[in-house]
Each structure stands twice: as structure tokens, then as C-alpha cells.
Amino acid sequence: KAGVTQTPRYLIKTRGQQVTLSCSPISGHRSVSWYQQTPGQGLQFLFEYFSETQRNKGNFPGRFSGRQFSNSRSEMNVSTLELGDSALYLCASRVGVNEKLFFGSGTQLSVL
Amino acid sequence: ELKVEQNPLFLSMQEGKNYTIYCNYSTTSDRLYWYRQDPGKSLESLFVLLSNGAVKQEGRLMASLDTKARLSTLHITAAVHDLSATYFCAVGMEYGNKLVFGAGTILRVKS
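If you read the protein sequences in the order shown, they are chains A and B. According to the working numbering, the stretch in the first sequence is residues 1 to 112, in order. According to the working numbering, the stretch in the second sequence is residues 113 to 223, in order.
Heads up, a few of these hints could be off.
To be verified - Within a straight-line C-alpha distance of at most 27 Å, the following computed BS3-like cross-link-like pairs (lysine-lysine) qualify:
no., chain 1, residue 1, chain 2, residue 2
1, B, Lys-153, A, Lys-57
2, B, Lys-168, A, Lys-100
3, B, Lys-180, A, Lys-100
Bear in mind the hints are in silico, worked out from the structure with no lab data behind them. Note that the structure is a prediction, hence the values are computed from the model and not measured.
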């Protein structure tokens, strides 16, 4: 069974640009969530989608947005990139709320 | 606002020794998770603890949850070098996948 797949693995962007990250959850998992990991702030929750609806949202500015498609694949978008957006962005999925949350390998975003 | 505190943040152990990582959290929750992260890698799920008094063990690692004390522990028995990694605890918020993570404990096992 394939794990959570994230693309691309690495991205380099410049300030002011926008970026879209992609996540394919484990087959059968309808819940997808996104996290940001930085050395300074640690792991922080961005948002969660279930059946194409945003179910939870973390404390991030509106420049961070996401969506989920009918096949459960998810994308997150960051507009007007800032240097502080440089981070590892992790996607996670699971089948039920009391089950393990499986993480993908992440997308390492560098903003120059 | 839920806060999750881990201690210690850095732990250097000798092989064969035992030690415990502590995870305290500030508000009521009945979902506690432990993860392992190797350098440059993603998070690997270790344990999911869902009730007061829950105890789970796998290999040299054992996790427990005391919801009344708002405390979870990850006990390492007879440490080996392969256990060197960063360990995170995370507490489930509300309903769904919103987890609040601790800062992580960097574990180094020396031979």
C-alpha cells in the first residue's frame, strides 16, 4: 500500500512569488491535513480537509490556502511568499480520528 | 490555548541505559500521539494513546497516558544506537487531525 505522496520534494522560490504543493493521501483515507515545520516554530497545524471541505484551520495568514479534490488529493497554495515561509511542509492522512496519522516525506520550500 | 511541553529537549544516553521522556499538556484531551523523526526525514507514527491509563509497547519503547495529570511518558529500555532520533509528542485538539506538537526531544544514544 503506497504511503502519503507529496510533490515536489524540493522547491526554491523568490519573495513575492506563489507556490502550490500537492499531496496524495493513502488510498481510502479521506482526511488530509497540512503542517509546517521550521526550526524556530516547530510543527504547526495549517489546515485539514475532509470530503472536500475544510474542517479545521490553524493560525496562519490568508496567504495560506488549500483545497481537496473528489479523489481526496489535496493542494496547498501560498501566495506572496515571504522569507519566513521557508519550511518543510508536511501532509498527513488517516482513515479515522482515532487512528494513526500518517505523514508524507514533505516538501522543502526555500524562499530567497 | 493548548500548550504541549516536552522534557528534556536533548538527551544523551549510553547504550543499555533506561530513560524517560515526559510530555505535559495544558488542557483536557484524550488523544496523545508519539512520533519519531530521523534527520531529513518525515514523521513516523509510534503510538496512539486514547484513554486514561493507556499503555502501549513496541520493542524498547513504551508509552503511557495519564489524562488526569495531563501527562504522557515515553520510556526507553536498554537504549541502542538505532533509537537516536527526535521524538515528538502531540495532543489531539477538537475533532479531526488538528494536533499540537511538543518541541521535540533530540535523543542521542552513544556506544
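Hint by hint, here is what the structure shows:
1. B:Lys-153 - A:Lys-57: Holds, because 25 Å separates the two Cα atoms, which is no more than 27 Å.
2. B:Lys-168 - A:Lys-100: Measuring from Cα to Cα gives roughly 13 Å; hence the hint holds.
3. B:Lys-180 - A:Lys-100: Within the cut-off at roughly 23 Å; holds.
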